[in-house]
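Knowing the structure of chain A, use the given hints to seat chain B on it.
Each chain, written out:
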Amino acid sequence: MPRARPEENTAPRGAPGDFEEIQVANKLKIKVGPGVGADPGAVDTAERIVESMKADYEKRLESEIRDLLEAFDKMRYGGDFDLDLLYDKSHEIRGEAGTFGYQLISDIGKLLCELLSPLEQASAAEIEAIGAHLKAMQTVVAQRVKGTGPEVAQQIVQGLNAIVKKSSA
Amino acid sequence: MAYNLENMQVQLIEDNRNMRELVKMMLSALGMKSVRDYENGRQAIDGIKEFVPDLIITDWMMAPVDGLEYTRHIRTSDNSPDIFTPIILMTGHTEKWRIIKARDAGVNELLAKPITARTLYDRVLAIIEKPRPFVRTRSFFGPCRRRLNWQEYMGPERRAMSDDRVELFDQMPGGAGNEVEDIERLLESL
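Top line first, the protein sequences correspond to chains A and B.
Under my numbering, the residue at position 127 of the first sequence is numbered 127, and the numbers go up by one with no gaps.
Under my numbering, the residue at position 87 of the second sequence is numbered 256, and the numbers go up by one with no gaps.
Hint data in this document are derived by calculation from the structure and do not stem from the laboratory.
Because the structure is a prediction, the values reported are computed rather than measured.
Using N, Cα and C, we set each Cβ at its ideal position, and we do this for glycine too.
Heads up, a few of these hints could be off.
Derived EDC-like pairs (lysine to aspartate or glutamate); straight-line CA-CA distance at most 20 Å [what the hints assert, rightly or not]:
1. A:Lys89 to B:Glu264
2. A:Lys165 to A:Glu114
3. A:Lys74 to A:Glu58
4. A:Lys74 to A:Glu126
5. A:Lys54 to B:Glu208
6. A:Lys59 to A:Glu70
7. A:Lys135 to A:Asp67
8. A:Lys135 to B:Glu219
9. B:Lys202 to B:Glu190
10. A:Lys166 to A:Glu128
11. A:Lys165 to B:Glu353
12. B:Lys193 to B:Asp291
13. A:Lys135 to B:Glu357
14. A:Lys27 to B:Asp251
15. A:Lys146 to B:Glu357
16. B:Lys270 to B:Glu298
17. A:Lys89 to B:Glu190
18. A:Lys165 to B:Glu357
What follows is a list of derived Cβ distance ranges for each label pair [claimed, not checked]:
19. B:Arg305 to A:Lys166: 15 to 23 Å
20. A:Gly35 to B:Glu350: 30 to 38 Å
21. B:Ser203 to A:Glu51: 20 to 28 Å
Under 8 Å between C-beta atoms, here's a sample of chain A residues computed to sit facing chain B [stated by the list, open to error]:
22. Lys29
23. Glu47
24. Val50
Chain A extracted, bound-state conformation (with noise of 0.2 Å):
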């Protein structure tokens, strides 16, 4: 499911003619009201609860790579690789990542879900390629590269983006 592909002709299509729109009363604003428009220190608070959060979450991130490297370097080792797991843990660490401001582990999350996506089975290439995606993710923790970077940071993103791009090619 998680690395499901496009069904065929997924809009659906009515009948020429056949069609109601429905205007829906708003009774969300009036339950919210009779204030009006967003408050504007509740995304400063928000943050700032994020904020606070932010360096249990490094710990559990670090944690949570170097288990899936370790699973990653058993499956090397026994041949047998499951590459829906690493697909769903590499998609859980990229979605939290960002949020935690950790935007270049979430970049390269999604490098590997993209190349991780269309695979049956991954060949020697493939392998080495999601290595390299781990590895790049755990030093970038190990560093504590906060948002997209330097320069070389957004090198090695450049690099990665070339191997998906060349193995979906």
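Relative to chain A, chain B alone:
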């Protein structure tokens, strides 16, 4: 005076426990204090019998009932408490075909992961301030699919796979032929 979100009933469905806790804390900080969280769509279907949400925020990939199946349940089931309930779909999958699939299931808004407090708040405000009419055709029921350019939800992430990065890499010393070794060398200098 701003909107008071305190009494807005929110159903949050996400199978990743850490992500679920994080989003719940963000929602609380943004003013939404009445949030019930569930691990998957099956739990949410059961939960909706006793907690009728004003807003549903759901992840996509879950078992045994995923976010799109749950959306279809809300939109079409006889057991749905309100077929017009607004639904925000959180997803890390931003490929165009997936976005179209989500739209066709009847989702109101997409929230691309990684989520930030700002993007989450913006989607909630969009639900409140820019509701879309619903449309019923022979094969679709849900928010009108024409109002938004859904591509905008792909956000800056879509540039992660843009061709210009590949071109840049091709200009690097060694070209694209020894990528893994190049990356290992770069990692050492990080």
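(request) Against chain B, run the beta carbon of lysine 29 (chain A) and see if the smallest gap drops under 8 Å. (result) For lysine 29 (chain A), the interface hint holds, since the closest Cβ of chain B sits about 5 Å away, which is under 8 Å.
(request) Kindly confirm whether 30 to 38 Å is satisfied by the beta carbon distance between glycine 35 (chain A) and glutamate 350 (chain B). (result) violated, 59 Å
(message) Run the distance test for lysine 270 (chain B) versus glutamate 298 (chain B): straight-line Cα separation, threshold 20 Å.
(response) The hint is violated at about 24 Å.
(request) Would you mind confirming whether the straight-line C-alpha gap from lysine 135 (chain A) to glutamate 219 (chain B) stays at or under 20 Å? (result) At roughly 47 Å apart (the allowed maximum being 20 Å), glutamate 219 (chain B) and lysine 135 (chain A) break the hint.
(message) Would the hint linking lysine 135 (chain A) and aspartate 67 (chain A) be met if the CA-CA limit is 20 Å?
(response) Holds - the C-alpha atoms of aspartate 67 (chain A) and lysine 135 (chain A) are around 12 Å apart, at most 20 Å.
(message) lysine 193 (chain B) and aspartate 291 (chain B) were given as a pair; does the straight-line alpha-carbon distance stay at or below 20 Å?
(response) Judged against 20 Å, a Cα distance of about 16 Å means the pair holds.
(message) Can you confirm whether the C-alpha distance between lysine 166 (chain A) and glutamate 128 (chain A) stays at or below 20 Å?
(response) holds, 13 Å
(request) Would you check the hint for lysine 89 (chain A) and glutamate 264 (chain B), treating anything up to 20 Å between C-alpha atoms as holding? (result) Holds, at roughly 19 Å.
(request) Starting from lysine 146 (chain A), check that the Cα of glutamate 357 (chain B) is at most 20 Å away, please. (result) The given pair, whose Cα atoms are some 17 Å apart, holds under the 20 Å limit.
(request) Assess, step by step, whether the Cα of lysine 202 (chain B) is no farther than 20 Å from the Cα of glutamate 190 (chain B), and give holds or violated. (result) Holds, at about 13 Å.
(message) Checking one constraint from the list: CA of lysine 165 (chain A) to CA of glutamate 357 (chain B), max 20 Å. Satisfied?
(response) The hint is violated at about 24 Å.
(message) Hint validation: valine 50 (chain A) versus chain B, beta carbon distance must be below 8 Å. Holds or violated?
(response) holds, 6 Å
Violated hints, listed in ascending order, are 3, 5, 8, 16, 18, 19, 20; each of the other numbered hints is respected by the structure.
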